[in-house]
Amino acid sequence: MNEFVRATLETVYMVLTSSIISVVIGLPLGVLLILVRPEGLRPKPNLYRAIDVTINVLRSIPFMILMIVVFPLSRLLVGRATGTTATIVPLAILAIPFVARIMEQSFLEVDYGVLEAGLASGATIGQLVRTVLIPEALPALVNGVTITIINIIGNSAMAGAIGGGGLGDLAIRYGLYRRNSLNLFVAVAITIAFVQIVQFLGRLIENRLRRDGTSPAL
Amino acid sequence: MCVIRVEHLRKSFLLDKTAIHAVDDVSFSVDEGEVFGLIGLSGAGKSTLVRCLNLLERPDSGEIWFDGLNLVEQDDSVLREKRCRMGIIFQHFNLFMRKTVWENVAYPLRIAGQRTKEIIPRVEELLDYIGLSAHARSYPAELSGGQQQRVGIARALAMNPRLLLSDEATSALDPVNTELVLSMLRKVVDDLGIAVILITHQMEVAKALCDRIAVMENGKIVEENTVEELFLRPRHAVTRRMIRGFDEDIPLEHFADLTSAPVYRLGFRSQTVTRPLISDISRRFNVDANILAGNINALVGGDVGYLVVSFEGEEEAVCGALSSLHEDGVEILKLEPGNGQNNGVGLHAKEEVR
Ligand SMILES: Nc1ncnc2c1ncn2[C@@H]1O[C@H](COP(=O)(O)OP(=O)(O)O)[C@@H](O)[C@H]1O
Ligand SMILES: [Mg+2]
Chain A
1 MNEFVRATLE
11 TVYMVLTSSI
21 ISVVIGLPLG
31 VLLILVRPEG
41 LRPKPNLYRA
51 IDVTINVLRS
61 IPFMILMIVV
71 FPLSRLLVGR
81 ATGTTATIVP
91 LAILAIPFVA
101 RIMEQSFLEV
111 DYGVLEAGLA
121 SGATIGQLVR
131 TVLIPEALPA
141 LVNGVTITII
151 NIIGNSAMAG
161 AIGGGGLGDL
171 AIRYGLYRRN
181 SLNLFVAVAI
191 TIAFVQIVQF
201 LGRLIENRLR
211 RDGTSPAL
Chain B
1 MCVIRVEHLR
11 KSFLLDKTAI
21 HAVDDVSFSV
31 DEGEVFGLIG
41 LSGAGKSTLV
51 RCLNLLERPD
61 SGEIWFDGLN
71 LVEQDDSVLR
81 EKRCRMGIIF
91 QHFNLFMRKT
101 VWENVAYPLR
111 IAGQRTKEII
121 PRVEELLDYI
131 GLSAHARSYP
141 AELSGGQQQR
151 VGIARALAMN
161 PRLLLSDEAT
171 SALDPVNTEL
181 VLSMLRKVVD
191 DLGIAVILIT
201 HQMEVAKALC
211 DRIAVMENGK
221 IVEENTVEEL
231 FLRPRHAVTR
241 RMIRGFDEDI
251 PLEHFADLTS
261 APVYRLGFRS
271 QTVTRPLISD
281 ISRRFNVDAN
291 ILAGNINALV
301 GGDVGYLVVS
311 FEGEEEAVCG
321 ALSSLHEDGV
331 EILKLEPGNG
341 QNNGVGLHAK
351 EEVR
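Heads up: the protein sequence lines correspond to chains A and B, in order.
The numbers in the working numbering rise by one with no breaks, and the one at position 107 of the first sequence is 107.
The numbers in the working numbering rise by one with no breaks, and the one at position 143 of the second sequence is 143.
Among the hints, a few may not be true.
Below, a sample of chain B positions facing chain A; criterion: calculated Cβ distance under 8 Å [stated by the list, open to error]:
id : residue
1  : D60
2  : S61
3  : F90
4  : F96
5  : M97
6  : Y107
7  : P108
8  : I111
9  : A112
10 : A141
11 : R269
12 : V273
13 : T274
Examples of chain B residues toward chain A, derived with CB under 7 Å [stated by the list, open to error]:
id : residue
14 : N54
15 : L56
16 : R80
17 : R83
18 : C84
19 : H92
20 : N94
21 : R98
22 : Y139
Hints in this document: simulated from the structure, not taken from any laboratory.
Yeah, the Cβ is synthetic: ideal placement off N, Cα and C, and Gly gets one too.
Let's have the full structure, built from the sequences with the hints guiding it.
This is the structure in structure tokens:
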């Protein structure tokens with residue numbers, strides 16, 4: 001198989017898998033954060049502070065450092081420390097707190113009065129989250145997921161430098177080490193195209209979701 | 001029949017270690033088919049009180065009797081069931097912005113677990129009732145404020161509530177839409193015979209709709225009466241300030257400062273409002289009646305009016321004139337000079353005379 005096709009597929013695999021994992025874990029965390037905020041519907045200030053600090057600490061670790069730190073964890077979870085599958089672990093770990101925070105911010109934009117209207121209609125907290133909180137915040141959530149995926153693409157390229165596979169790996173091995181600037185250029189171009197496609201699709205979905213006369217997409 | 005009865009309700013908030021008594025020992029009850037107004041200036045505790053009624057805010061103490069239960073003692077599942085028997089409409093409508101008008105109205109029904117088959121005819125009936133069937137597929141942001149509030153009303157009525165809570169439902173609307181929403185609420189009360197608790201800081205809204213009004217200040221109900229009585233005989237300074245709030249710029253007490261002669265507020269009921277009582281006593285008792293201010297208000301139960309009058313003449317003549325007015329059913333309140341903050345002692349003409 002062509003090296004470029006293989007590297008692109010590796011990147012797509014890494015990025016999609018870690019994006020899905022980070023949203024599957026980060027979204028419920030974002031919901032938890034918004035509920036247990038001191039002024040939330042189920043205030044638990046101590047729990048909130050604990051998660052809040054953890055998120056801030058995780059988000060301040062540079063990706064390269066984190067990747068090295070979680071080598072043992074990757075080995076434990078997927079059997080190896082390097083390679084495409086192993087790289088998913090640090091990618092997801094770094095994206096989860098980012099997703100949680102960005103979801104929390106999106107939920108904050110939902111007017112409290114609208115939540116109150118849901119509760120006054122007889123909704124449980126669980127129903128409120130599913131039928132009001134998430135649907136009302138959806139365009140902002142989609143925007144958040146788009147930004148997350150683009151971040152992960154950037155990090156995955158970096159991962160290539162220390163044996164992560166994918167387009168970053170290709171750019172370094174074929175482009176940098178073999179001084180083949182054409183290869184380097186193609187790898188970079190594919191990465192840029194990848195980001196553009198994600199950006200475009202995200203916008204498209206977000207704009208479609210905003211066809212309700214509420215604020216237009218930026 | 002009594003729909004809701006509130007006993008000694010209290011709710012306070014801690015703000016910088018000082019307690020704010022937002023609702024302070026409030027008791028009242030509302031009957032079927034009755035519109036009960038709760039008026040008060042902003043910060044009086046009105047919103048906190050409604051939020052306590054459907055337990056969106058947990059009261060510190062007191063009882064809320066509704067549907068035969070003291071809501072304060074119920075667990076969450078009973079509360080949720082009772083909440084939808086208590087529709088609520090809000091100042092800023094609080095519609096679900098990403099749901100269509102149809103879905104907004106259907107929401108309480110869906111939450112209650114009804115099937116789409118049952119929901120469709122009910123939502124269509126409600127949309128027809130508020131006159132927005134043509135907008136079923138629109139989103140709230142595409143509607144005017146008045147239309148949005150009508151959607152709010154339909155959503156509140158979806159579960160056939162026994163009580164409708166309205167928190168400043170017209171305060172964000174222009175006069176035309178205010179009128180529209182008020183007539184809609186009137187229609188709801190007349191058609192469905194449910195009880196309404198109408199919260200407002202606008203006296204003209206309360207007077208257009210309410211049968212009975214309670215005036216709130218600092219978390220307490222300071223005065224409660226039928227609308228007619230309240231306009232005729234406002235006892236509390238806040239009430240008078242609110243009554244004058246929409247038709248005068250200065251507090252009534254101010255008139256007492258204008259002249260050394262005694263100043264009275266004369267309240268006229270619907271029977272007396274059209275009679276030439278002032279020129280009559282002027283002639284009979286030889287007193288000069290100087291009219292300083294006046295107004296007639298159209299209320300649900302009939303028109304009431306008031307005049308602020310200073311009487312000049314012999315003390316005995318003035319007393320005679322006042323008792324004659326009292327016998328004619330005029331409510332008399334002596335206005336004491338001051339800065340408009342005093343409570344103005346209500347004096348019956350008879351007591352004056354003695
Ligand atoms: N969640 C809260 N925390 C602290 N203070 C509050 C809260 N809600 C209301 N208050 C205070 O309670 C008082 C009554 O407020 P509110 O019920 O909104 O009055 P109104 O609706 O009559 O304008 C105000 O002093 C307000 O600042
Ligand atoms: Mg209020």
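Hint compliance check: list the failing hint numbers for this structure, sorted ascending. 1, 2, 11, 12 and 13
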